[in-house]
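Participant: Chains as they are written, first to last, in my numbering: chain L, 1 to 271; chain Y, 1 to 271; chain E, 1 to 271; chain R, 1 to 271.
Certain hints may be false.
Identical copies go unnamed one by one, so any copy, or any two together, can satisfy a pair.
Straight line, CA to CA, 30 angstroms or less: simulated BS3-like cross-link-like pairs of lysine-lysine [as the list claims (entries may be wrong)]:
hint: 1; residue 1: Lys160; residue 2: Lys226
hint: 2; residue 1: Lys28; residue 2: Lys160
hint: 3; residue 1: Lys63; residue 2: Lys226
These aren't lab readings, by the way, just hints derived from the structure by calculation.
Nothing here was measured: the structure is a model prediction, and the numbers come from that model.
Number of protein chains: 4
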Amino acid sequence: MMSDISAQEIVGLRKWLYRHLQPSAWNKDGLSPLNRFIFVVICLAVAVAVLESEPAIYQGREKWFFAAEMVFGSIFLVEYLARVWTSAENPAYGGGLRGTLRYIFSLPAIIDLLAMSTLFLVFVGNETSILRLFRLIRILSLAKLGRYSSAIRAMAEAVKSRRYELLMSLAIACMLLLTSSTLLYIVEGDAQPAVFGSIPRAMWWSIATLTTVGYGDVVPATVIGKLLAGVTAITGIGLIAMPTGILAAAFSDAIQRQREAKKHKEPVGQG
Amino acid sequence: MMSDISAQEIVGLRKWLYRHLQPSAWNKDGLSPLNRFIFVVICLAVAVAVLESEPAIYQGREKWFFAAEMVFGSIFLVEYLARVWTSAENPAYGGGLRGTLRYIFSLPAIIDLLAMSTLFLVFVGNETSILRLFRLIRILSLAKLGRYSSAIRAMAEAVKSRRYELLMSLAIACMLLLTSSTLLYIVEGDAQPAVFGSIPRAMWWSIATLTTVGYGDVVPATVIGKLLAGVTAITGIGLIAMPTGILAAAFSDAIQRQREAKKHKEPVGQG
Amino acid sequence: MMSDISAQEIVGLRKWLYRHLQPSAWNKDGLSPLNRFIFVVICLAVAVAVLESEPAIYQGREKWFFAAEMVFGSIFLVEYLARVWTSAENPAYGGGLRGTLRYIFSLPAIIDLLAMSTLFLVFVGNETSILRLFRLIRILSLAKLGRYSSAIRAMAEAVKSRRYELLMSLAIACMLLLTSSTLLYIVEGDAQPAVFGSIPRAMWWSIATLTTVGYGDVVPATVIGKLLAGVTAITGIGLIAMPTGILAAAFSDAIQRQREAKKHKEPVGQG
Amino acid sequence: MMSDISAQEIVGLRKWLYRHLQPSAWNKDGLSPLNRFIFVVICLAVAVAVLESEPAIYQGREKWFFAAEMVFGSIFLVEYLARVWTSAENPAYGGGLRGTLRYIFSLPAIIDLLAMSTLFLVFVGNETSILRLFRLIRILSLAKLGRYSSAIRAMAEAVKSRRYELLMSLAIACMLLLTSSTLLYIVEGDAQPAVFGSIPRAMWWSIATLTTVGYGDVVPATVIGKLLAGVTAITGIGLIAMPTGILAAAFSDAIQRQREAKKHKEPVGQG
Numbered sequence: 001m002m003s004d005i006s007a008q009e010i011v012g013l014r015k016w017l018y019r020h021l022q023p024s025a026w027n028k029d030g031l032s033p034l035n036r037f038i039f040v041v042i043c044l045a046v047a048v049a050v051l052e053s054e055p056a057i058y059q060g061r062e063k064w065f066f067a068a069e070m071v072f073g074s075i076f077l078v079e080y081l082a083r084v085w086t087s088a089e090n091p092a093y094g095g096g097l098r099g100t101l102r103y104i105f106s107l108p109a110i111i112d113l114l115a116m117s118t119l120f121l122v123f124v125g126n127e128t129s130i131l132r133l134f135r136l137i138r139i140l141s142l143a144k145l146g147r148y149s150s151a152i153r154a155m156a157e158a159v160k161s162r163r164y165e166l167l168m169s170l171a172i173a174c175m176l177l178l179t180s181s182t183l184l185y186i187v188e189g190d191a192q193p194a195v196f197g198s199i200p201r202a203m204w205w206s207i208a209t210l211t212t213v214g215y216g217d218v219v220p221a222t223v224i225g226k227l228l229a230g231v232t233a234i235t236g237i238g239l240i241a242m243p244t245g246i247l248a249a250a251f252s253d254a255i256q257r258q259r260e261a262k263k264h265k266e267p268v269g270q271g
Numbered sequence: 001m002m003s004d005i006s007a008q009e010i011v012g013l014r015k016w017l018y019r020h021l022q023p024s025a026w027n028k029d030g031l032s033p034l035n036r037f038i039f040v041v042i043c044l045a046v047a048v049a050v051l052e053s054e055p056a057i058y059q060g061r062e063k064w065f066f067a068a069e070m071v072f073g074s075i076f077l078v079e080y081l082a083r084v085w086t087s088a089e090n091p092a093y094g095g096g097l098r099g100t101l102r103y104i105f106s107l108p109a110i111i112d113l114l115a116m117s118t119l120f121l122v123f124v125g126n127e128t129s130i131l132r133l134f135r136l137i138r139i140l141s142l143a144k145l146g147r148y149s150s151a152i153r154a155m156a157e158a159v160k161s162r163r164y165e166l167l168m169s170l171a172i173a174c175m176l177l178l179t180s181s182t183l184l185y186i187v188e189g190d191a192q193p194a195v196f197g198s199i200p201r202a203m204w205w206s207i208a209t210l211t212t213v214g215y216g217d218v219v220p221a222t223v224i225g226k227l228l229a230g231v232t233a234i235t236g237i238g239l240i241a242m243p244t245g246i247l248a249a250a251f252s253d254a255i256q257r258q259r260e261a262k263k264h265k266e267p268v269g270q271g
Numbered sequence: 001m002m003s004d005i006s007a008q009e010i011v012g013l014r015k016w017l018y019r020h021l022q023p024s025a026w027n028k029d030g031l032s033p034l035n036r037f038i039f040v041v042i043c044l045a046v047a048v049a050v051l052e053s054e055p056a057i058y059q060g061r062e063k064w065f066f067a068a069e070m071v072f073g074s075i076f077l078v079e080y081l082a083r084v085w086t087s088a089e090n091p092a093y094g095g096g097l098r099g100t101l102r103y104i105f106s107l108p109a110i111i112d113l114l115a116m117s118t119l120f121l122v123f124v125g126n127e128t129s130i131l132r133l134f135r136l137i138r139i140l141s142l143a144k145l146g147r148y149s150s151a152i153r154a155m156a157e158a159v160k161s162r163r164y165e166l167l168m169s170l171a172i173a174c175m176l177l178l179t180s181s182t183l184l185y186i187v188e189g190d191a192q193p194a195v196f197g198s199i200p201r202a203m204w205w206s207i208a209t210l211t212t213v214g215y216g217d218v219v220p221a222t223v224i225g226k227l228l229a230g231v232t233a234i235t236g237i238g239l240i241a242m243p244t245g246i247l248a249a250a251f252s253d254a255i256q257r258q259r260e261a262k263k264h265k266e267p268v269g270q271g
Numbered sequence: 001m002m003s004d005i006s007a008q009e010i011v012g013l014r015k016w017l018y019r020h021l022q023p024s025a026w027n028k029d030g031l032s033p034l035n036r037f038i039f040v041v042i043c044l045a046v047a048v049a050v051l052e053s054e055p056a057i058y059q060g061r062e063k064w065f066f067a068a069e070m071v072f073g074s075i076f077l078v079e080y081l082a083r084v085w086t087s088a089e090n091p092a093y094g095g096g097l098r099g100t101l102r103y104i105f106s107l108p109a110i111i112d113l114l115a116m117s118t119l120f121l122v123f124v125g126n127e128t129s130i131l132r133l134f135r136l137i138r139i140l141s142l143a144k145l146g147r148y149s150s151a152i153r154a155m156a157e158a159v160k161s162r163r164y165e166l167l168m169s170l171a172i173a174c175m176l177l178l179t180s181s182t183l184l185y186i187v188e189g190d191a192q193p194a195v196f197g198s199i200p201r202a203m204w205w206s207i208a209t210l211t212t213v214g215y216g217d218v219v220p221a222t223v224i225g226k227l228l229a230g231v232t233a234i235t236g237i238g239l240i241a242m243p244t245g246i247l248a249a250a251f252s253d254a255i256q257r258q259r260e261a262k263k264h265k266e267p268v269g270q271g
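If we strip away everything but chain L, and leave its shape as in the complex, we get:
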């Protein structure tokens, strides 16, 4: 036990900060004011990264964008340090120095570290390819939102509970993709070698048709090719119907379970 008052104060501050930084430790509804602020900063940082990539917006405003990045980077740096410091309070990481170390190498901490990388933009020249990678990293700060969205995680779990069926329909989709592109390759390969001259080339058309996107940049020219394309398009509807049906059943199932759980709590009558 610590006897020094000042150390106690520091521990108290750390506990207070932990409660405000860790969404699960916040005892009121919604997000803490601090987390709400960080949430807004993340959204702004992503918006700035998106707008910055457009030359028409960026040119002539380089300094403003640089300043914004430095501000967001600094806030993320302070947030990162605070999260590392308070990670000792987090029982999920075991607590103490080992807990802090464990936290530093956890996925959320690494994402935070990456999102901070905008600060080091100073040392990067004007090479476009590196700049682009940096922008990708900044868009990655979206992943920081994962901390707040218990709802997204709930939804992901709903999808996960049917991952087997969804993977199945993906496997069926792959088989359909292979079959239809092989057939179109055989039928249209001679007529349009540039776009149907090999199975991988025919796949581009096949995926656009099966998903009903239908860009129209590649279209079969022969009669048999068009017939097969029609069959592929109709099959594509089935491809959409399959995951939709699975998810509809999953959601419907989850709702019914909730209602039944309620029923068991409040007895309807004596049997």
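Could you slot chains Y, E and R onto chain L? The hints should help.
Facilitator: Just chains Y, E and R now, with coordinates in the frame of chain L:
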């Protein structure tokens, strides 16, 4: 209490008019004859506003369209005045003069006022930009239909009951949109700078692909770009499946609740 | 009562023919051999009408196609006369001469009469416009299939049971269509007057986007136009989700009702 | 009974091999190591067949591809012989020599035989048309996966349980296809004879619209044509909603049956 017979007659007329104007006050099935007439006039006014915007139809018939607008505008003016007058009878606004004032500043009344604006077309010149805004306002008279469609409101409520899940899938859609446009920007930015040269530019392609609209005006050119486009298109199917599944479960839930409500009323047998 | 043996034989023949012609009067499973034959003839007649419209197939084979039409027309003529004759046996039309008269003016009989019209092709010249209308009529012989498909009728009833909700989503679709085309007309009208210069013109783009068909022949050019197009495309997903959700709930409801009906028949055990 | 030890050993080996080759005979979870190896080889063989069709990949690597094909073909040959030999152990084919003969003419054995055909590539020249057919056959080795995927079979059964309803919606789709292409042929036939000049030609546009693929290579030009196209596109949404609703109900039904089956096993309490 009023002793003057003539005043009593006016109050009686107001009550009668209120019953005929306010759908919820009508004691028979469906709409009152007066409301049915207003319903048809709204539809006609919208149709006229749509057709008028087409020069091939408008030119040479300017006077007829002007006359139609004046007629519809006058009917809406009379309707507006009648609704303001009878609003004193509406318990929802408190009744009396204060009720009337409250009604005047309510959304339905403001929509009615806007829909009437065609009457002031006389004072507007032939400037196209102002004419277009006027047409938009006239299309807005569609919103007047909101008063009659208890069914649309019921449907909106069904959607509203799942607004949280639907917002979630919208948030996921936004993340997918950001991710796919960033990736395509990195991969295709050099090959097609005009359409993939920035993240906002790539978003146009991305949204057309994720929603499976697939205009085909922008299409990736590189092999990696096409691969990522294929993944985006398949993800887009999931994006369609998500809200469909949620709404399917919502509707299915609503129906089951109705059936169970029925069951509780008519006991099936002795337990 | 008839005493003449020959008349009795005729009545017996009529009864026998009625059993073979009227699907609901057939006491075995499936279709009677006669109806199966007519079913095949209808399909063949439609296929011939479809192929005939293609000059590459039709030219040089005019006589064969004419012969086929004469054969199909004659079969339909004999079928029509037989149905008229046996309609006196059909209790749905009241029986007797009045029943026959009622049948002649019923929808199925009129469809049969129209499908027979190919016989009168002899008197029609080679005018393309009339020939096309004739072909449409021959495709109409598809409607003759309605007599056999109790399943299609069952499905139509399932859709009909939700016609109110489906009409609602159609109404919402119309409103979205109007709103999005008006907005695009205002925003893109100056940039692309040929395709967005009026609300009806903008509707063509709008309907292709809302239904996620996305031909790509018309695409907004301005930034605000593209933003609105993105919103329209996402709204279009909702538009697909709505009827899908309604139909999914309707089918799910129908199945559950069937299962519950079964449960009530076979008691599971003593409570 | 065999007394010869060596023969007994052979029978023992055959039983051991049968257990490792036949997925249903494997008494542990998942696939046997041998089947896992074959599974990977099938996937590799398909991938090689796909890549080989692309000249940019194939040219200059002919020998490597030939070697890979020989290796995969040899593995499939050994697998085929082993499966034929051990088929005597399979009770599904009756056992003994007659069982082996029955197995040789069963569908899985014929698929295996076809997938082996790559071995005979030596005797085929460089004629492209024959090479393409050979590639199709090699893609067919995908069908060999059918042996392993009990899940795909389960899914296929779910679809099969609603095959009647799904066939119905396919029949309705065909009717819509015929009706919309006939109408567009009549309306647009004169304006665009190349793409709407016959019903089969108009079908290409019609199928692309009804499935909401919307390539955009063919688009109606007249006002009435565009109106009909809009109706067709909206009908297409219904066409997607129909099978989706059916499958959603089927999956939801299957899940509920499972839950009810569980409920009957584990009694919730005393009534």
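Participant: Could you tell me which of the numbered hints above are not met by this structure, giving the numbers in increasing order?
Facilitator: none
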